[in-house]
Structure formats: structure tokens, C-alpha cells
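> Sequence:
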Amino acid sequence: MPEMPELETIRRTLEPHLKGRRIMQVEVLLSRQIKWPEPDQFVARLVGCTIERLERKGKYLLLVLDNDIHLVFHLRMTGQLCYREKGAADGTHSRIIFNLDGGDRLIYGDVRTFGTLYAMKPEELPKIQGLAELGPEPLSEEFTIDYLRTALAKKKTKIKGFLLDQSKIGGLGNIYVDEALFLSGIHPLRTAGSVTEEELPKLHEAINRVIREGIEDGGTTFRDYRNGDGGKGSHQENLFAYGRDGEPCRVCGTAMEKIRVGGRGTHFCPKCQPFEV
DNA sequence: CACCAGACCTGTCCGC
DNA sequence: TGCGGACAGGTCTGGT
Numbered sequence: 001m002p003e004m005p006e007l008e009t010i011r012r013t014l015e016p017h018l019k020g021r022r023i024m025q026v027e028v029l030l031s032r033q034i035k036w037p038e039p040d041q042f043v044a045r046l047v048g049c050t051i052e053r054l055e056r057k058g059k060y061l062l063l064v065l066d067n068d069i070h071l072v073f074h075l076r077m078t079g080q081l082c083y084r085e086k087g088a089a090d091g092t093h094s095r096i097i098f099n100l101d102g103g104d105r106l107i108y109g110d111v112r113t114f115g116t117l118y119a120m121k122p123e124e125l126p127k128i129q130g131l132a133e134l135g136p137e138p139l140s141e142e143f144t145i146d147y148l149r150t151a152l153a154k155k156k157t158k159i160k161g162f163l164l165d166q167s168k169i170g171g172l173g174n175i176y177v178d179e180a181l182f183l184s185g186i187h188p189l190r191t192a193g194s195v196t197e198e199e200l201p202k203l204h205e206a207i208n209r210v211i212r213e214g215i216e217d218g219g220t221t222f223r224d225y226r227n228g229d230g231g232k233g234s235h236q237e238n239l240f241a242y243g244r245d246g247e248p249c250r251v252c253g254t255a256m257e258k259i260r261v262g263g264r265g266t267h268f269c270p271k272c273q274p275f276e277v
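Read in order, the letters of the first sequence are residues 1 to 277 in the working numbering.
Warning: the hint list may mix true and false statements.
When the alpha-carbon atoms are kept at most 30 Å apart in a straight line, the in silico DSS-like pairs for lysine-lysine are as follows [as the list claims (entries may be wrong)]: (1) Lys86 <-> Lys158; (2) Lys86 <-> Lys154; (3) Lys202 <-> Lys127; (4) Lys156 <-> Lys57; (5) Lys57 <-> Lys202.
These aren't lab readings, by the way, just hints derived from the structure by calculation.
Please read all numbers here as calculations on a predicted model, not as lab measurements.
Could you build the full structure based on these sequences and the hints that come with them?
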């Protein structure tokens with residue numbers, strides 16, 4: 001489900017509800033989604049603590065508590081975090097429920113149950129490998145054209161796989177990779193190392209643009225994604241590539257195509273994104 | 001190290 | 001209406 005724009009939207013919509021709130025009780029309905037520590041310890045680390053702030057790193061959301069515990073979520077494909085006021089219905093597929101002061105709740109729901117939760121002391125955070133190895137994020141100071149040039153250099157892996165690799169760039173997923181490749185005119189099967197000096201700034205800007213616009217639109221809702229208030233995003237109305245196979249390219253009118261790259265559905269325009277450089 | 005299939009799960013959609 | 005298969009926003013592991 002969620003890539004960086006969706007997680008950032010969740011962070012922003014939850015923050016006003018959760019900042020300064022106390023966790024009174026935690027209901028663990030599906031313990032295997034808790035990865036660290038053991039579920040009873042997980043609960044013990046949270047109960048009675050106050051949420052000081054919400055951070056996001058790549059596709060991870062972190063609630064930092066007043067005892068320095070970091071409550072970390074990775075939503076994988078179908079995880080949802082939703083704030084519900086006292087008396088509101090739970091919704092379906094609730095897995096972990098955080099009861100807050102005053103009877104309001106933060107509900108972790110997840111249809112496919114791939115999502116992961118952790119309650120970590122600061123020194124334990126490196127145990128989360130994906131978090132420890134996270135590459136620079138789009139729109140960050142570290143994500144420069146020079147960084148991208150060096151990271152791409154001589155790589156024989158496909159550009160699509162490269163952009164999905166969270167240790168290279170943190171936060172892109174299948175939707176926004178297809179969008180960035182479309183906007184920069186690069187065919188998804190080309191190798192990372194084949195990106196030319198002329199294409200490099202276009203790709204860099206395209207990555208920043210799709211993430212920026214995704215956030216501005218509150219994320220992309222195709223199926224499960226909802227923000228912290230249960231609302232949908234609108235970026236699905238502004239996509240150029242993802243999910244548009246068979247439809248006319250928004251730039252040249254050619255029929256968009258869909259192939260599989262590295263096992264992932266991949267959408268592109270055969271005219272705007274020629275395979276030959 | 002690159003690359004792929006398979007695994008983890010449930011739900012939905014499409015064709016027969 | 002029912003059934004089987006493909007597919008879904010993500011990562012991790014194990015094999016070649």
C-alpha cells in the first residue's frame with residue numbers, strides 16, 4: 001500500500017491527534033505482527049507513556065514516547081493506521097489497538113498482515129535492518145544529483161529495481177517509480193548505469209516531483225490506503241503511468257503498456273520511454 | 001554481488 | 001453461482 005507520500009500523509013494527519021496523548025492500554029489481536037520485543041514486553045514498554053512526536057523515515061513511521069521508546073510501524077502492503085474517537089467503530093481487520101486517554105483509539109489494521117511493529121529503545125533501532133540501511137530520501141538535502149550519479153554508475157541492475165531498492169533511495173515504491181521513469185522518459189528495463197548525463201537531472205527532478213506531488217495530493221488511493229483520519233488520497237487522479245495500461249499516454253496519445261519487471265507490474269509509454277537510448 | 005522464485009497473507013476480480 | 005488462477009502499494013530469504 002504505502003510509499004513515502006502515503007506515510008508522510010499518515011504522519012501529518014495523525015500528529016495533531018496523537019501529540020501529547022497518553023497510551024492507556026494496548027490490545028494485541030494478532031501478536032505475530034509484533035517483531036520486537038516479545039508482545040508482553042512490547043505492551044509494557046508503551047502503557048502509561050505519552051507520545052511526544054511523530055517521525056517518518058522512508059516508509060517507516062515512528063512514534064517517539066516520553067520514555068524514549070520508539071514505537072515503529074512498517075505498513076508493508078495493506079497496513080493502516082487510523083485515529084478513532086471514543087465510540088467510533090473499529091473498522092475491519094484490526095490487529096493492534098492503542099487505547100488513549102479519554103477513550104479515543106489509534107487502530108492498526110492490516111488485511112494481509114504483512115506489516116510489522118516494534119517498540120525500541122534508541123540503541124535497539126539498528127536491529128531494524130531496513131531502517132538502518134535506508135538510503136537518502138527524495139526531497140532531502142542528501143539526495144543530490146551527484147549522489148544519484150554515483151549510485152547509478154556502472155550498475156547493471158535494471159533501473160526499475162534500482163529505484164525500488166530502499167538502501168539506494170528511501171521511500172519510492174512501485175507506483176512512484178513508474179511515475180518517475182515516465183516523467184524522465186526512461187524505459188524501466190534499461191540498466192541503472194545506462195542513464196546518461198543528460199537524463200540524470202531529469203530523473204532526479206522527476207523523483208522529487210512525483211514524491212512532492214504525491215504528498216500534496218494526500219497520497220494515492222487505489223485500494224486499501226487511507227490517511228490517519230480514514231480519508232482517501234487523490235493522487236490516483238493525476239498519475240501518468242501506474243494503472244494506465246491500455247489507456248492513451250497523457251503526453252503523446254500512444255497506448256500505455258504493462259510488463260513485469262522483477263516480478264512487479266510495470267507501466268510505461270513505449271513512445272515516450274523508448275528502450276534504445 | 002546480481003537475479004529470481006518463493007514466502008509471508010487475505011481479498012478481489014476475471015474468465016470459464 | 002461457483003471455482004480456479006492471477007494479481008495487489010513491500011520486503012526478506014534462500015537458491016543459482
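> For the pair supplied as a hint, Lys57 and Lys202, confirm whether the alpha-carbon distance does not exceed 30 Å.
holds (25 Å)
> Just to be careful, I want the Cα atoms of Lys86 and Lys154 compared with a cutoff of 30 Å; is the pair within it?
violated (56 Å)
> Regarding the pair Lys202 and Lys127, is the alpha-carbon distance no greater than 30 Å?
Outside the cut-off at roughly 36 Å; violated.
> Has the given pair, Lys156 with Lys57, been kept, meaning a C-alpha gap of at most 30 Å?
Given pair Lys156, Lys57 holds - Cα atoms ~28 Å apart, limit 30 Å.
> Take the C-alpha atoms of Lys86 and Lys158, compute the straight-line distance between them, and say whether it is at most 30 Å.
violated (49 Å)
In summary, the structure is inconsistent with hints 1, 2 and 3 from the numbered list given earlier, while agreeing with the others.
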